[in-house]
Amino acid sequence: MQFILVTYDIENDRRRTKIHKVLEGYGISVQYSVFECFLSDEDYAGLRIRLQKLMDPKHPLDSIRYYHLCRGCVEKVDVDGNRSFEIASPFIIT
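Residues in the sequence shown are numbered consecutively from 1, following our numbering.
The hints are simulated quantities; they were obtained by calculation from the structure and are not laboratory data. Computed from a prediction, not measured in an experiment: that's the story for all the values here. A virtual CB, placed ideally from N, CA and C, is assigned to each residue, including glycine. Check the hints yourself; a few may be wrong.
[Claimed, not checked] Below, computed lysine-lysine pairings styled on BS3-like, alpha-carbon distance capped at 25 Å:
#1 K53 <-> K21
#2 K18 <-> K58
#3 K58 <-> K21
#4 K18 <-> K53
[To be verified] The calculated label-pair distances, taken between Cβ atoms and stated as ranges, are:
#5 P57 <-> N82: 36 to 46 Å
#6 V77 <-> Y32: 10 to 20 Å
#7 G81 <-> D9: 16 to 26 Å
#8 A45 <-> T7: 14 to 24 Å
#9 K53 <-> D80: 27 to 37 Å
#10 V22 <-> M1: 15 to 25 Å
#11 D80 <-> I49: 29 to 39 Å
#12 P60 <-> R14: 12 to 22 Å
#13 Q31 <-> E75: 16 to 26 Å
#14 D80 <-> A45: 27 to 37 Å
#15 G81 <-> A45: 29 to 39 Å
#16 D80 <-> K58: 32 to 42 Å
#17 N82 <-> K58: 32 to 42 Å
#18 S40 <-> C73: 16 to 26 Å
Turn these sequences into a full structure, and let the hints steer you where they fit.
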(Lines of atoms letter the chains of each structure in order from A and count residues from 1; the text may use other names and numbers.)
(Lines give C-alpha, C1' and ligand atoms only; values in the text may rest on other atoms or scores of the structure.)
Protein backbone atom coordinates (compact mmCIF):
# COMPACT_ATOMS: atom_id res chain seq x y z
CA MET A 1 0.00 0.00 0.00
CA GLN A 2 1.19 3.49 -0.75
CA PHE A 3 0.11 6.98 0.20
CA ILE A 4 -0.52 9.16 -2.85
CA LEU A 5 -1.47 12.81 -2.92
CA VAL A 6 -3.49 13.48 -6.08
CA THR A 7 -3.94 17.03 -7.35
CA TYR A 8 -5.67 18.15 -10.48
CA ASP A 9 -6.29 21.26 -12.52
CA ILE A 10 -9.06 20.75 -15.08
CA GLU A 11 -10.55 23.76 -16.83
CA ASN A 12 -13.85 22.22 -17.99
CA ASP A 13 -16.43 22.10 -15.16
CA ARG A 14 -18.04 18.87 -16.35
CA ARG A 15 -14.76 16.95 -16.66
CA ARG A 16 -13.53 18.39 -13.34
CA THR A 17 -16.69 17.20 -11.56
CA LYS A 18 -16.35 13.70 -13.06
CA ILE A 19 -12.72 13.48 -11.94
CA HIS A 20 -13.67 14.65 -8.45
CA LYS A 21 -16.38 11.96 -8.22
CA VAL A 22 -13.98 9.20 -9.30
CA LEU A 23 -11.41 10.32 -6.72
CA GLU A 24 -14.05 10.27 -3.96
CA GLY A 25 -14.09 6.49 -4.40
CA TYR A 26 -10.35 6.21 -3.80
CA GLY A 27 -9.47 8.73 -1.12
CA ILE A 28 -10.34 11.69 1.04
CA SER A 29 -10.83 15.18 -0.35
CA VAL A 30 -8.70 17.57 1.72
CA GLN A 31 -9.19 20.54 -0.60
CA TYR A 32 -11.40 20.78 -3.66
CA SER A 33 -8.75 19.61 -6.11
CA VAL A 34 -6.54 17.65 -3.69
CA PHE A 35 -7.10 14.07 -2.51
CA GLU A 36 -5.18 11.90 -0.06
CA CYS A 37 -5.29 8.26 -1.17
CA PHE A 38 -3.92 5.07 0.40
CA LEU A 39 -3.74 2.61 -2.51
CA SER A 40 -2.37 -0.73 -3.58
CA ASP A 41 -0.35 -0.82 -6.79
CA GLU A 42 -3.33 -2.37 -8.58
CA ASP A 43 -5.77 0.28 -7.34
CA TYR A 44 -3.34 3.06 -8.26
CA ALA A 45 -3.01 1.71 -11.80
CA GLY A 46 -6.80 1.44 -12.10
CA LEU A 47 -7.29 4.98 -10.80
CA ARG A 48 -4.84 6.40 -13.34
CA ILE A 49 -6.57 4.59 -16.20
CA ARG A 50 -9.99 5.89 -15.10
CA LEU A 51 -8.75 9.47 -14.75
CA GLN A 52 -6.81 9.45 -18.03
CA LYS A 53 -10.01 8.49 -19.84
CA LEU A 54 -11.72 11.59 -18.41
CA MET A 55 -8.97 14.05 -19.33
CA ASP A 56 -8.80 15.99 -22.56
CA PRO A 57 -5.25 15.34 -23.82
CA LYS A 58 -5.61 18.19 -26.32
CA HIS A 59 -6.28 20.74 -23.61
CA PRO A 60 -2.97 22.37 -22.63
CA LEU A 61 -4.13 23.44 -19.15
CA ASP A 62 -5.49 20.10 -17.92
CA SER A 63 -3.24 18.13 -15.60
CA ILE A 64 -3.37 15.52 -12.85
CA ARG A 65 -0.36 15.04 -10.58
CA TYR A 66 0.38 12.04 -8.35
CA TYR A 67 2.78 12.55 -5.45
CA HIS A 68 3.98 9.32 -3.81
CA LEU A 69 4.82 9.97 -0.17
CA CYS A 70 6.61 7.62 2.19
CA ARG A 71 5.09 6.95 5.61
CA GLY A 72 7.75 9.10 7.28
CA CYS A 73 6.87 12.04 5.03
CA VAL A 74 3.16 11.56 5.64
CA GLU A 75 3.71 11.58 9.40
CA LYS A 76 5.49 14.94 9.08
CA VAL A 77 2.53 16.69 7.41
CA ASP A 78 1.48 19.82 9.30
CA VAL A 79 -2.10 21.08 9.04
CA ASP A 80 -3.38 24.51 10.05
CA GLY A 81 -7.14 24.84 10.36
CA ASN A 82 -9.97 22.52 11.23
CA ARG A 83 -9.17 19.57 8.97
CA SER A 84 -7.36 16.91 10.95
CA PHE A 85 -4.86 14.61 9.29
CA GLU A 86 -4.52 10.91 9.96
CA ILE A 87 -3.48 7.86 8.03
CA ALA A 88 -6.72 5.99 7.66
CA SER A 89 -7.25 2.36 6.80
CA PRO A 90 -7.45 1.84 3.07
CA PHE A 91 -10.85 1.77 1.43
CA ILE A 92 -12.00 1.48 -2.15
CA ILE A 93 -15.53 2.15 -3.35
CA THR A 94 -16.30 0.55 -6.70
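Results of checking the hints against the structure:
{"no.": "1", "hint": "K53 <-> K21", "result": "14 Å, holds"}
{"no.": "2", "hint": "K18 <-> K58", "result": "18 Å, holds"}
{"no.": "3", "hint": "K58 <-> K21", "result": "22 Å, holds"}
{"no.": "4", "hint": "K18 <-> K53", "result": "11 Å, holds"}
{"no.": "5", "hint": "P57 <-> N82: 36 to 46 Å", "result": "37 Å, holds"}
{"no.": "6", "hint": "V77 <-> Y32: 10 to 20 Å", "result": "18 Å, holds"}
{"no.": "7", "hint": "G81 <-> D9: 16 to 26 Å", "result": "22 Å, holds"}
{"no.": "8", "hint": "A45 <-> T7: 14 to 24 Å", "result": "19 Å, holds"}
{"no.": "9", "hint": "K53 <-> D80: 27 to 37 Å", "result": "36 Å, holds"}
{"no.": "10", "hint": "V22 <-> M1: 15 to 25 Å", "result": "19 Å, holds"}
{"no.": "11", "hint": "D80 <-> I49: 29 to 39 Å", "result": "35 Å, holds"}
{"no.": "12", "hint": "P60 <-> R14: 12 to 22 Å", "result": "18 Å, holds"}
{"no.": "13", "hint": "Q31 <-> E75: 16 to 26 Å", "result": "20 Å, holds"}
{"no.": "14", "hint": "D80 <-> A45: 27 to 37 Å", "result": "34 Å, holds"}
{"no.": "15", "hint": "G81 <-> A45: 29 to 39 Å", "result": "33 Å, holds"}
{"no.": "16", "hint": "D80 <-> K58: 32 to 42 Å", "result": "38 Å, holds"}
{"no.": "17", "hint": "N82 <-> K58: 32 to 42 Å", "result": "39 Å, holds"}
{"no.": "18", "hint": "S40 <-> C73: 16 to 26 Å", "result": "19 Å, holds"}
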